[in-house]
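Chain residues, written in single-letter form:
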Amino acid sequence: MLNYAFKRFLGAWPTLLILIALAFFMIRAAPGGPFDSERHLPPEIEANLRAAYHLDEPLIQQFGRYLLGLAQGDFGPSFQYKDYTVTELIMTGFPVSLRLGGLAMLLAVVVGVSAGSLAALRQNSRTDHAVMSVSMTGISIPNFVMAPLLILLFAVYLGWLPAGGLGNGSAANLVLPVISLALPQIAYISRLTRGSMIEVLRSNFIRTARAKGLPERVVILRHALKPALLPVVSYLGPATAGIITGSVVIEQIFGVPGLGRYFVQGALNRDYTLVMGVVVFFGVLIVVFNLIVDLVYALLDPRVKY
Amino acid sequence: MSVTPETVAAIPADKGRSLWTDAMIRLRRNRAAVTAAAVLAIMTLMVIVGPWFSPYDYDYTHWDMILISPDLASGHVFGTDSIGRDIFVRTLYGGRISLLVGVVATIVSLVIGIAYGATAGYFGGRIDHIMMRIVDILYGMPFMFFVILLMVLFGRNILLIFVAIGAINWLDMARIVRGQTLSLKRKEFIEAAEALGVPPFRIIRRHIVPNLLGVVVVYVTLTIPQVILVESFLSFLGLGVQEPMTSWGALVNEGAQEMENAPWTLFFPAVCLAATLFCFNFIGDGLRDALDPKDR
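Chains as they are written, first to last, in numbering that gives the first Met the number 0: chain A, 0 to 305; chain B, 0 to 295.
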């Protein structure tokens, strides 16, 4: 196990390096620079600015400098938000995004797994069809369509919940963003759970458990649930990526000051370091999370050899 | 009962049914999939020919009819947007772009995925190992961010959207195709081709790829909605197609800004987008069930 974990840990590095390199060279290949503005700067000042941010060095040297900084946990200064380092900006945005994404993930897993199991246990019943239709709707309606519709219904017409912003951080402000972020994932997870649960329920060890005379509740919770959850566990990696990307739109729609907003603004402003910072930060998050998911999977499934 | 020649003759000669006829029969029994296919066909037809019959153009602004609600009298059946453009015709044009992106970007991902997967699977060994390791590495990347970056940095070129979306979607296809190729290349007809001295890439093209189509077709119907979704996601962020041209994502974005006083600006494009995605998902599910020999 430790060996496997170590091997997977080593395997994550090339992914990270390619990710950082791609983002770095792509953004610098783009037309326009961080100091372009309506007002033309005198050439000497521009040269000084570029020198101050090391933009006058050869690209490779800049890349090396950036990697060196990263190794020390330094994302560099932001070009647009003067006086702020990218690390500071990430640290103000991330807690907000984390709360939103974490809650959405929790909701997605809890609701998705229960709905999927329920549908599988009553296969081809009305409950099953209802769950599956709702899930198909969840997959087919993108979250940026769902979010305005939810706002329209619950904030504008019914007036039950606030339409946007974080307010003073009350729970009511989080309800709509979390739900719109979680809905597509709930849909996927419930479909996955249903499929694998149906397959597990047909297997021999479940028949044995029933033949022993175990109560149905024990059969489901003790014997069927764990193997049925394996596909869900391996889906958690892509789900995280989905929630993180989704948060870019959801944060914009609901006016939530999280990391996703910084990314879009930063890219529009050619704020190289800020965009790099967000991409690298999210990239590392996703890679690390995928690693953890794989390890957990190996732990849960005795058939996986490492 | 003994089997005499007469009883055998009495059974009508059963024509051999191929995998495809079999699948089509099963697909036709799936009402959801058939309905979805019909709706999709109507929608596609509307999107293609509809604009020719509309009295308005997608960029024509009707200054004294701003944000009017849907009504038949004025000819604006879906109403107008904040600068007086007809939403019906804009929804149709948006549909053209969205469906076009869906098809073209899927073809891009198809070509890359099949070429890559079939090559890796056919040659096997070290080549396969290295090629699949690359896929593994790429898998962990948050590609959406790169697409957004591409759009922001290099302008909103529609061609770039096609290529960028297609280029991030080929990984699954490559994996599936490789798996199928691995089992295909052990078949006798491949061996025969090899014995005749057919060069490897011709074997891949002539003998392997045509036999992959079953799996690929299912996957294509599931890729198209994903691709449409990505495009509308980009357009929603304002990074997709450029004004005055539009796509469903862009229309949803415009509608979301006006929804409090003009909900129809959001409603119609949103319904079209969701309905299309619905249809593709239903067809994909139906095809998968129909082609899956496991549950007959």
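Think of the hints as simulated: they come from the structure by calculation, not from any bench. C-beta atoms are modelled at their ideal positions from N, C-alpha and C, and glycine is treated no differently. Heads up, some of the hints might be wrong.
[To be verified] Here's a subset of chain B near chain A, in silico, CB distances under 10 Å, partners left out:
1. W51
2. M143
3. I147
4. G237
5. A255
6. L265
7. L276
8. F281
[To be verified] Short, incomplete list of chain A residues facing chain B, as computed with Cβ under 7 Å:
9. P13
10. T14
11. M25
12. S139
13. P141
14. F143
15. V144
16. P147
17. F153
18. A154
19. G158
20. I219
21. A266
22. V279
23. I285
24. V287
Structure-based check of all given hints:
no.	hint	verdict
1	W51	28 Å, violated
2	M143	4 Å, holds
3	I147	7 Å, holds
4	G237	9 Å, holds
5	A255	4 Å, holds
6	L265	6 Å, holds
7	L276	4 Å, holds
8	F281	7 Å, holds
9	P13	5 Å, holds
10	T14	5 Å, holds
11	M25	6 Å, holds
12	S139	4 Å, holds
13	P141	6 Å, holds
14	F143	5 Å, holds
15	V144	5 Å, holds
16	P147	4 Å, holds
17	F153	13 Å, violated
18	A154	9 Å, violated
19	G158	12 Å, violated
20	I219	23 Å, violated
21	A266	4 Å, holds
22	V279	10 Å, violated
23	I285	5 Å, holds
24	V287	10 Å, violated
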